Structures are given as structure tokens and as C-alpha cells.
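Chemist: Given next are the chains, with one letter for each unit.
Number of protein chains: 2
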Amino acid sequence: MFEEKSARTELSSIGEFGLINHISKSVKLTNATTVKGIGDDAAVISESGNETNTVVTTDMLVEGVHFDLSYVPLKHLGYKAVAVNVSDVCAMNAEAKQITVSVALSNRFSIEAVEELYSGILLACERYGVDLVGGDTTSSLSGLIISITAVGITNKADVVYRSGAREKNLICVTGDLGAAYMGLQILEREKTIFKDNPNVQPDLAGNDYILERQLKPEARIEVIKKLKEFGIKPTAMIDVSDGLASEILHICTQSNVGCELYEDKLPIDLMTNERAHEFKLDPTTCALNGGEDYELLFTIDIADFEKIKNYADVTVIGHITEVGKGMLLVTRSGTVHEITAQGWDALLKK
Amino acid sequence: MFEEKSARTELSSIGEFGLINHISKSVKLTNATTVKGIGDDAAVISESGNETNTVVTTDMLVEGVHFDLSYVPLKHLGYKAVAVNVSDVCAMNAEAKQITVSVALSNRFSIEAVEELYSGILLACERYGVDLVGGDTTSSLSGLIISITAVGITNKADVVYRSGAREKNLICVTGDLGAAYMGLQILEREKTIFKDNPNVQPDLAGNDYILERQLKPEARIEVIKKLKEFGIKPTAMIDVSDGLASEILHICTQSNVGCELYEDKLPIDLMTNERAHEFKLDPTTCALNGGEDYELLFTIDIADFEKIKNYADVTVIGHITEVGKGMLLVTRSGTVHEITAQGWDALLKK
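Line order of the protein sequences matches chains A and B.
The numbering of the first sequence is my numbering, which starts it at 1 and goes up by one.
The numbering of the second sequence is my numbering, which starts it at 1 and goes up by one.
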């Protein structure tokens, strides 16, 4: 009681991934039903007598770390909190069916504010066909914390892990990249202007698409359904939450392969491109390291290319190589760069 | 953006249960696999082709609200955070198999502190045969927040809800009640003394049992197994987290029945009794409203009494009556009181 530990190593010295790796080393799995634990978009549970697998994923959002209520409407926040979990379930090639929502609130929040938050949560539940089945509501000493767990289901043969990519597989990504990050830059800029002069109204005009990508991202459940329709089972899959670079490195590391991405193939929306130039940012860097796109990054057998080539929502951005080749980006000018993850890390940020 | 809502109703005006009821009204269940949503110790998911049901429960613990790190060792906190979720799974007559753990930490916490926390989490995993399969680690602006979700499994026929109690059923409780609350009183007393004079060492001697009940409660998984051995399926069950009074009211309300509890039957440990008198508290009140006992409160068919009567870990404390009789406590002196819940409410506390 009241004791102090002598050794002290700062969390910022290892970051979030470092901490997860550190903890994971002590974790032992003892149940035969645990098919996949830590290390993918969701855990996978498989009961021998059952036809389906259950997948479970969880995310915690902390005010001041993951969101800023000075420009994020509570309804959007609720929607996004659900969408990012559904996105993780999609990344296992599964369908989210249930969520639990735990919320800690300081007394700054009124019942009306909580209603706003839950209206967004329930809107997302409706959109994604997910049932809100439980949770916890409690008080916090400061700010708002939201913790959501999503439970999904998939036929046993359909689960896709990060670890299944094989040499010569094509690397595909849905939608476009970097837009959510540019939306955040706009919101941060207007917040700064508003702080300096509260009489100036925020100028958000003409940025609808990138703002929506930041404030109200969507999980790509229709892509999962389309791939099934096309008869395609990806060999590996992950959702793009921390940025393309970070995610392709996860796939390559866990699949023990290398990759080659082509800069000129990266799908970047025109508005993202324009705003990036205004902000003197490189659009490719935004796509690689911006994060929060919640698109799906996946690899397919080259034989499946014919089935997918006319699907406008998917872009082939490169291919998997043997592990010795490294993880590379071929730029527009033809030079080759090693890909490094500079994605967002909540523990390094501080 | 930057807008203010005009109406404002304080959360403290309705409390946690009021808020949950309020939110629940807007929740629609759309998936056939969702057998039970909000309103029991865990949600129940049942896939038609499967032999087993999946149960899911979640709890969020917030520093300064649910625990005080000036006297709660991080290792014990980790253990307790797992145990309370496993206890909720037990209350569905199910076995917890997997958990996810999300943690938000301020930069006050070192890696060594996080290791302490996880050593308790993993110890509980080992004790309860549960696998840590995922989670999230992030930073917080102040303090420590732990959100755990437990996933359990049970044969479809074995699930027990709060709503199944029937007239003439016997009301049973495991272990003893009120000890965790008395443990908390001791810790709070020593904290106050320590604050006034940091040179005085805390005097915790002779209070091991009640301190352990507060700091390191256990989920009663062995009771669930014993009941199966005895061939008993409870008609209703709940775990005692907010206090016996609050829990029996949940069973009665959801089962649409009344009850009669007998004060002289309530299992109260000798040490709890002694310390209560020292603190000038009524031991019965501690048992009814103290909370955090994590014992199981359940009802059984009277025909099952013979099977259980020699099981020392279970005490029959009353019986279920018809709904019109109300929810009553018969005191030692023979007078009859209406039971009201005065259990702990994180939102009312503030």
C-alpha cells in the first residue's frame, strides 16, 4: 500500500505497437476454441460443433486523444465509433452482428448530449445491420471515453487473416486514401482560426467529401459481399486505420513476404489531391500515412484478377514479392523507396 | 460546428439505471441471432446451426470512480477487472472463454506499472481458464480506464436469465455478503489517516478476509460447475455486484414476481459482522446494499432443494412469492420491510 516502484520506463519510449508486442509475449492461449488471439483485426473463436466462427474486435476512443468535440458532432462520433469496429470485422471477411457500447462521461455532458451520441451509434447499427446488445455507462473524472466491442460471424472456411498473402498475389485497396487526413487538416485549421477570433465562422465550404471521410467514415461491408458474389476469397486482408504504409507492413510481416506498391496506382481523390497541395503536403504521404480511411487492403490470387478488374471500387496498387525483396514503393519517377510506417500511435503522440 | 444545444438535463437527475432504460427504449434488435440484448448480466447470441450459444458482457472501470490507486495495487486491479466480467458470464450459467482488454493510460503510468496491471489480468485468465484475445491500448488525458469484454459459451438449453423466477422458487446465494464493502471501509479509513499523517503506516492487520474480498474478488465458476453436477438448472440468476437488494429487485422485476427474504438467513461472515459494528454500521445493510460481493444470487425449483441442501457454499435466504406480495425482508424481530435498492450508481455518485 502506498508503495512506489523504483524502475520506471516511459510508455512513450516503446509506443502502442511496442506495448502490445511486450504484453503479447506473456499471453498464453489455453482454449482450443481460440483460433486467433491478438495480432489481427479481430480475434477468431471456433467451437468444434458449430458451423460458423465468431470474431470479436474492440476499440477505445478517448476525448482529447482520438477526437476533439470542438469540431466533432457527438452524433458523428457515435456513428464513427461503430463504423470503425464494423470495419475491423469486415477485415476478417466476416459480418458484424452485435456490438456492446461502454461510455464514461464527465458531468459536463447532459442527457441531451448522450442522446446525440447514441443517435449516431444507433444510426450506424441500422446502416450496418448490427444490434446494440449491451454495455456499460459510468462517470469519468474528465471527458468522454467510448469503448465498443463488435461481434461478427463467418462460415469457418471464409475467415481471412493478415498472414495469408503469397508471392505474386495482387495487392488491392478499396475506395481512395488520404481523404480523412485532409479532412482533419481542414477542421484543425478552422479550429485555430476560431480560437484566435471567435467571431469568424468556420469556412468548410467545398470540402464536403473529405470532411465526411473524417467525420463519418463508412465500413466497407458491401465490398465483402461483392467479393463473395465474385467468388473471391482474399488471401490476406486488413482495414486501413493507421495508414496504408502501416497496414501493408502488417500484411507483409505476418505473411512473411515482401511487396511492391506503385505510387501512380494509389487511389487519391481529386479533392484530397488539391487540398494536400494547398497545405503543402505530398498527397502520396497523406495516402501512405494519413490513416482513418477505413478502406480494405487485401491481396488476391492473380487468377482472380479477371473477376475483379471491372469493379470500380477496388484498385490494384501492387503485388506481393518474396520476403528478401523488402517492402517497396515505386515512385512516379521510377525510383524505389523502402516503405516505413509513420502511422498514428496514440502512445507515441504524447 | 462549435454549436451549443439549448436544453440541458443533468445525468445525475436519472442515474445509471435511468440512463440505460432511456437508451434501451431506442434500441431495436434486427438480427435473429440476438436472443437477449440489454437487460441481463450478458447478451446471448444464438446461431441456428450451432450447438452452443455465445454470451457477451462488458464492464468499464474508471480511476477515481471505480478504484483508487492510492490503496489498490495494479495487479489486484487487473485481476478484479477480469473476475467481475467472468462473474457476469457465470450469472448466465455459461463459461467464460475469451476476453478483450482495452486500457487507456495517462503518461503518469510507466511500462512497469502496465506490466503490474497485466500480470493481474493474466493471473485471472489463468485462474478462470480464459484467453486474452485482443484489446486496445491508448493514452488518456487523465488516469486509467479499463474496459473488458468477456465472451462465454453455453449449451443452448443451459442459459439462465434473470426473468425465469417462479412463485415458490427458493432464493439462494453463494458465499457471504457485505465483506467487500467492509474491506473498502477499512481501506478508506487508513487512507484518511495516511493523508493526515504520512508517517503512520496503515493498520490492515486482522482484516485479511474482508480486504481480499474487496481487492481480489473471485468469480464463482466452481458453483456453476457444481450446480451442473447436482443436476440443477437455476430458474433465474444474477451476480451480486451492486448489492443483494438491487439484484433481487432485478430478478423480481424481470420475472414479474415478489419475494420474501429472511434477515436471519443472510450469510454474513463473522469478521464483516464485527467490523460493521466497529464502524457503527448495520451488517444487514452492508449485505443488502454494500455490493461488489460477486456472489451468485439464483432461484431454484423447490424440488431441487434436496440436491443442494448439503452444499455449504450455498445458502437459501428466502423464496419467491406472487407479484402482488411485493419484495419484502422479514427482519430478525419478525417485522416486514419493503426492499429498496440503494446500491452503488456511478452516475448518481457525482
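Among the hints, a few may not be true.
What the hints assert, rightly or not - Calculated Cβ distances over 12 Å to all of chain B for the following chain A residues: (1) Lys36; (2) His66; (3) Lys97.
As the list claims (entries may be wrong) - In silico SDA-like links for lysine to any residue, alpha-carbon gap of 25 Å or less: (4) Lys233(A) x Pro202(A); (5) Lys156(B) x Gly49(A); (6) Lys156(B) x Thr34(A); (7) Lys28(B) x Leu141(A); (8) Lys216(B) x Thr253(A); (9) Lys75(B) x Ser13(A); (10) Lys28(A) x Lys265(B); (11) Lys156(A) x Ser46(A); (12) Lys28(B) x Leu123(A); (13) Lys75(A) x Lys233(A); (14) Lys75(A) x Glu16(B); (15) Lys75(A) x Ala7(B); (16) Lys25(A) x Pro73(B); (17) Lys25(B) x Ser106(A); (18) Lys156(B) x Glu47(A); (19) Lys75(B) x Lys75(A); (20) Lys228(A) x Lys265(B); (21) Lys28(B) x Glu222(A); (22) Lys25(B) x Arg127(A); (23) Lys265(B) x Phe194(B); (24) Lys156(A) x Thr33(B); (25) Lys233(B) x Lys191(B); (26) Lys75(B) x Ala7(A); (27) Lys191(B) x Ser13(A); (28) Lys191(B) x Thr30(A); (29) Lys195(A) x Ser48(B); (30) Lys75(A) x Arg8(B); (31) Lys156(B) x Lys265(B); (32) Lys228(A) x Ser46(B); (33) Lys156(A) x Ser46(B); (34) Lys156(B) x Ala32(A).
Because the hints were derived from the structure by calculation, they are not lab data.
Values in this document were obtained by computation on a predicted structure and should not be read as measured data.
We put the beta carbon where it would ideally sit given N, CA and C, even for glycine.
Chemist: Against this structure, judge whether each hint is valid.
Modeler: Each hint tested on the structure:
no. : hint                  : verdict
1   : Lys36                 : 8 Å, violated
2   : His66                 : 7 Å, violated
3   : Lys97                 : 5 Å, violated
4   : Lys233(A) x Pro202(A) : 45 Å, violated
5   : Lys156(B) x Gly49(A)  : 12 Å, holds
6   : Lys156(B) x Thr34(A)  : 20 Å, holds
7   : Lys28(B) x Leu141(A)  : 31 Å, violated
8   : Lys216(B) x Thr253(A) : 39 Å, violated
9   : Lys75(B) x Ser13(A)   : 22 Å, holds
10  : Lys28(A) x Lys265(B)  : 43 Å, violated
11  : Lys156(A) x Ser46(A)  : 8 Å, holds
12  : Lys28(B) x Leu123(A)  : 11 Å, holds
13  : Lys75(A) x Lys233(A)  : 35 Å, violated
14  : Lys75(A) x Glu16(B)   : 21 Å, holds
15  : Lys75(A) x Ala7(B)    : 16 Å, holds
16  : Lys25(A) x Pro73(B)   : 22 Å, holds
17  : Lys25(B) x Ser106(A)  : 23 Å, holds
18  : Lys156(B) x Glu47(A)  : 13 Å, holds
19  : Lys75(B) x Lys75(A)   : 37 Å, violated
20  : Lys228(A) x Lys265(B) : 60 Å, violated
21  : Lys28(B) x Glu222(A)  : 22 Å, holds
22  : Lys25(B) x Arg127(A)  : 19 Å, holds
23  : Lys265(B) x Phe194(B) : 38 Å, violated
24  : Lys156(A) x Thr33(B)  : 17 Å, holds
25  : Lys233(B) x Lys191(B) : 44 Å, violated
26  : Lys75(B) x Ala7(A)    : 16 Å, holds
27  : Lys191(B) x Ser13(A)  : 33 Å, violated
28  : Lys191(B) x Thr30(A)  : 39 Å, violated
29  : Lys195(A) x Ser48(B)  : 56 Å, violated
30  : Lys75(A) x Arg8(B)    : 16 Å, holds
31  : Lys156(B) x Lys265(B) : 34 Å, violated
32  : Lys228(A) x Ser46(B)  : 24 Å, holds
33  : Lys156(A) x Ser46(B)  : 16 Å, holds
34  : Lys156(B) x Ala32(A)  : 20 Å, holds
Hint compliance for this structure: hints 1, 2, 3, 4, 7, 8, 10, 13, 19, 20, 23, 25, 27, 28, 29, 31 are not met, and every other hint is.
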